[in-house]
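Novice: Position 293 (the sequence shown) corresponds to 293 in the working numbering; numbering is contiguous.
Just so you know, the hints here were simulated from the structure itself, not pulled from any lab data.
Cβ atoms here follow ideal geometry from the backbone N, Cα and C, with glycine treated the same way.
A hint or two may mislead.
[Unchecked claim] Here are the computed distance ranges between Cβ atoms for each label pair:
id, residue 1, residue 2, range
1, Asp46, Lys260, 26 to 32 Å
2, Glu126, Leu179, 18 to 24 Å
3, Leu286, Asp220, 18 to 24 Å
[Stated by the list, open to error] Pairs of lysine-lysine, DSS-like flavour, derived with a Cα cap of 25 Å:
id, residue 1, residue 2
4, Lys222, Lys267
5, Lys142, Lys32
6, Lys49, Lys140
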Amino acid sequence: MNNLAPIALFVYNRPKHTRETVEALLKNAEAKHSDLYIFSDAPKNDSAKEAVAEVRNYINQISGFKTIKIVERSSNLGLANSVIDGVTRLCNEFGSVIVLEDDLIVSTHFLDFMNQALTRYEERSEVSAISGYMYPVSFKTKSDTIFLDFPMSWGWATWQRAWKSFNPDGKQLIDELCLNGKINDFDRNGPPGCLTMLKHQIAGKNNSWFIRWYATIFLDSKIVLCPTKSLVLNIGIDGTGVHCGEWIIDPFKTDLSTGKINVEHIKIEVSEEKNIIRHFFVKVFLLRYLNAFARLFSLNR
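The whole structure should be built from the sequences, with the hints applied where relevant.
Specialist: Given below as structure tokens:
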């Protein structure tokens with residue numbers, strides 16, 4: 001197996017989640033032929049030191065990949081800056097990268113799919129990224145893949161040719177969306193609350209790399225290849241993450257595909273199946289408020 005894309009794994013202070021992520025990844029046949037780069041962020045404060053040390057102790061014992069390189073940050077970059085730096089570094093060096101965070105369980109066919117897709121669409125400039133995750137929805141199509149016009153952040157891949165367009169300046173992005181008359185379409189197009197998320201990033205209320213990646217892709221009119229059955233499960237929506245709180249009812253929980261996902265020849269355009277996802281987003285919007293109410297109720301008990 002030649003020319004497999006390097007894997008970037010971003011970890012922080014969740015040793016149990018990190019271990020489960022790595023163990024799932026090792027069940028992929030391609031793992032032993034893949035280069036793994038682990039980016040370990042430094043503790044943000046004293047309370048995080050012990051857990052970060054435990055994570056670093058674990059990752060320094062990992063084996064089973066072709067090569068393993070560990071980058072231990074000497075200061076806390078935060079997830080967004082760590083991802084941006086790591087993805088940029090590996091894209092510039094290798095031309096493509098597969099990206100995981102420390103709370104993602106992948107299917108045994110995850111690496112096969114990602115590498116197949118990276119190879120097939122390497123020269124297609126319309127395609128900016130590959131997603132390994134898919135929402136818990138049922139599609140009508142018989143194809144194993146579809147194209148969408150927004151990315152996903154849970155197990156994804158991209159090429160240097162696409163990532164070089166990434167704009168980290170949220171203010172520039174929102175100004176361009178307004179200038180091009182795309183601001184309302186941007187807010188309606190992807191997951192609920194994207195415009196608010198971008199505004200919060202500009203105001204310093206979050207530091208999301210994802211919302212800036214999505215805005216970049218949207219402005220460039222690019223598309224993303226996705227499996228119709230998920231190859232990734234997020235186990236971090238449990239209140240342990242820095243950027244993701246606990247959902248009382250988790251609408252994103254999905255079943256991992258047990259079979260191989262074929263990277264077929266399909267028309268390179270946004271799929272009509274997107275309407276099914278739009279209906280799912282309405283459910284997520286409603287559950288977000290239910291979740292907030294449940295949290296408030298539990299705090300006041």
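Novice: When the structure is checked against the list of hints, which entries are broken? Sort them ascending.
Specialist: Violated hints: 1, 3, 5 and 6; rest satisfied.
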